[in-house]
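Novice: Chain by chain, the residues run as shown.
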Amino acid sequence: MIDVLILGGGPAGYTAALYAARAGLSTTVVERMSAGGQMTLTGDIENYPGLVSVDGFTLGMQMQQGAEAFGAATHYAEVTSVELEGECKRVFTTDGVLEARTVIVATGANPRPLGLPSEADWIGNGVHYCAHCDGRFYKDKTVAVIGGGNSAVSDALYLSRICKTVYLVHRRRELRAAKVYHEALFAAPNVEVVWEHTVKELLATDRLTGIRLASTVDNTEKALPCDGVFVSIGREPVTAFLNGALPTDEHGYLVADETTQTPVRGVFAAGDVRRKALRQIVTATADGAVAAHFAGDYLEKQG
Amino acid sequence: MSVQIVNQTNFEEIKASEKTVLLDFYADWCGPCRMVGPLVEEIADEHAELLVGKINVDEEPELAAAFGVMSIPTLVVMRNGEVVMKSTGARPKAQILAMLEG
Chain A
65 MIDVLILGGG
75 PAGYTAALYA
85 ARAGLSTTVV
95 ERMSAGGQMT
105 LTGDIENYPG
115 LVSVDGFTLG
125 MQMQQGAEAF
135 GAATHYAEVT
145 SVELEGECKR
155 VFTTDGVLEA
165 RTVIVATGAN
175 PRPLGLPSEA
185 DWIGNGVHYC
195 AHCDGRFYKD
205 KTVAVIGGGN
215 SAVSDALYLS
225 RICKTVYLVH
235 RRRELRAAKV
245 YHEALFAAPN
255 VEVVWEHTVK
265 ELLATDRLTG
275 IRLASTVDNT
285 EKALPCDGVF
295 VSIGREPVTA
305 FLNGALPTDE
315 HGYLVADETT
325 QTPVRGVFAA
335 GDVRRKALRQ
345 IVTATADGAV
355 AAHFAGDYLE
365 KQG
Chain B
33 MSVQIVNQTN
43 FEEIKASEKT
53 VLLDFYADWC
63 GPCRMVGPLV
73 EEIADEHAEL
83 LVGKINVDEE
93 PELAAAFGVM
103 SIPTLVVMRN
113 GEVVMKSTGA
123 RPKAQILAML
133 EG
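Listed in order, the protein sequences are those of chains A and B.
For the first sequence, our numbering begins at 65 and goes up steadily by one.
For the second sequence, our numbering begins at 33 and goes up steadily by one.
Hints listed in this document are in silico derivations from the structure and should not be mistaken for laboratory results.
Keep in mind it's a predicted model, so treat the numbers as computed, not measured.
Check each hint, because a few of them may be wrong.
Okay, the calculated bits of chain A under chain B, using three or more residues with CB under 8 Å as the criterion [stated by the list, open to error]:
no.: 1; segment: 93-102
no.: 2; segment: 179-189
no.: 3; segment: 196-207
no.: 4; segment: 324-337
Ideal Cβ placement from N, Cα and C applies to all residues, glycine included.
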C-alpha cells in the first residue's frame, strides 16, 4: 500500500510529492497526461520567485524531476472514482486500482467556459481558452478577450502584439487584474476595453464573425464584430471524479482550511482545487508542502 | 515506427498511405503541444499499423491552413486520404487511441 497518493501532477501535486518522498514516505502521483497542469497554458511565468522568467511546461517538468529524484513515482492514468473512507483508500483509474493510506487531491481547475449554447461548436475554431497557444492564428485579425482578471489582461496584452485590434470585454467598471498590468494595458494603442458587458451570443456563419454583448447596467445590447474570442473568466475546479466524496463550497471548490485537511481523515486538498483566497503557483506549491506535512503527521499517529 | 516529420514536400505521399494516418499539428512554444508530443511518439512506437506524423505549424503554415487548424495541438485522423476525425486541445493517450478506433 502506498503511503501518500497524490491526484494531479501540477505544482501542488509535485510539491507534495517532493516533500512526502523526502520524508521517506512511499509516494505516487496520478497524472492523466503530463506534468504541469494549468502552468502549461502559460508562456512566460514571471511571478515564481527566484526564476526571472520561465515557461510553464519547463517548470512543470522540473517539478516532476525534482520529486522523482527523491523516489516519487508517476502513474499515468485518469482517475475515474474513489473510495476515501477508512484506513485503506482506493483510487480507481483507467489503468488499475491504487491503494493508499493517505490521498492528496491536487487536481486543479480547468478554464471556465462562457456557458453559451453554441460554444462547443466553435472551440478551437473561433472560441479559445489559451491565448498563448492559439493567438498566433489571429495575426493581424480582430479578437475579443473576455474577462478582467490577471489572466484576461495578460492575454489581451499578449494578443495586442499579434492582432490588429483587441477588445477586452469586462462585466465591471474596473479591472480585477493586478496594478502592474494596468499601465501597459491602457498604453497599448490597439486594445480597447469594453466595460460593463457580458457575452450573450456567438455570431457565426460558417465561421465566427462576432459576439453579441449585453450591458450589465441597462437593457441594451450590441454586436461586436471579431474573428476570434479568447475566454478568460476564471476556472472550474476538477472534482467530478469524487462524486461527492468530499464537501465543496458553493463554487465547487473543496472545503479545507490552511492545513489542507478535509473532513475525511487522511485526505487532503491542495492547490487550485481547494477553497482559498489566492490561486497562484506559489500558493499551490505551498499547499503541496503543507499537505505532505499533515499526511506525514496523520501516518505517524496511525503508527 | 517513429513519428515522421510532415511537410509540403512529403504530404501527398503521407496522404496516399494505405495505413490510418494520425497527424499532430504543434509548435515548439506551445505547452499543451509539449504534453501531447510524447504521447503521440509512444503511439507511433507501439502501433506499426499506423502512420504517425507531426506538422510544425510555424514551418508549415500552408498545411495548417489547409486543415483549418486554428488551435494547437490539433490531432487529425485520416483514412484513404480523407479526414475522418479532428480534435483540438491536449488529451490523454487513451482518448487519442479511441479517436483512432472511431
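Novice: Confirm or reject the coverage of the segment 196-207 of chain A by chain B under the rule of 3 or more residues with a beta carbon closer than 8 Å to the chain's beta carbons.
Specialist: n = 5 at 8 Å, threshold three: holds.
Novice: If you look at each residue in the segment 179-189 of chain A, do at least three have a Cβ nearer than 8 Å to any Cβ of chain B?
Specialist: Three-residue rule met by the segment 179-189 of chain A, so holds; n is 3.
Novice: Are 3 or more residues of the segment 93-102 of chain A near chain B, judged by a Cβ distance of less than 8 Å?
Specialist: holds (count 4)
Novice: Between the segment 324-337 of chain A and chain B, see if three or more residues pass the 8 Å beta-carbon test, and mark the coverage as holds or violated.
Specialist: Not satisfied, violated; 0 residues make the cut.
When each numbered hint is compared with the structure, a violation occurs for hint 4 only.
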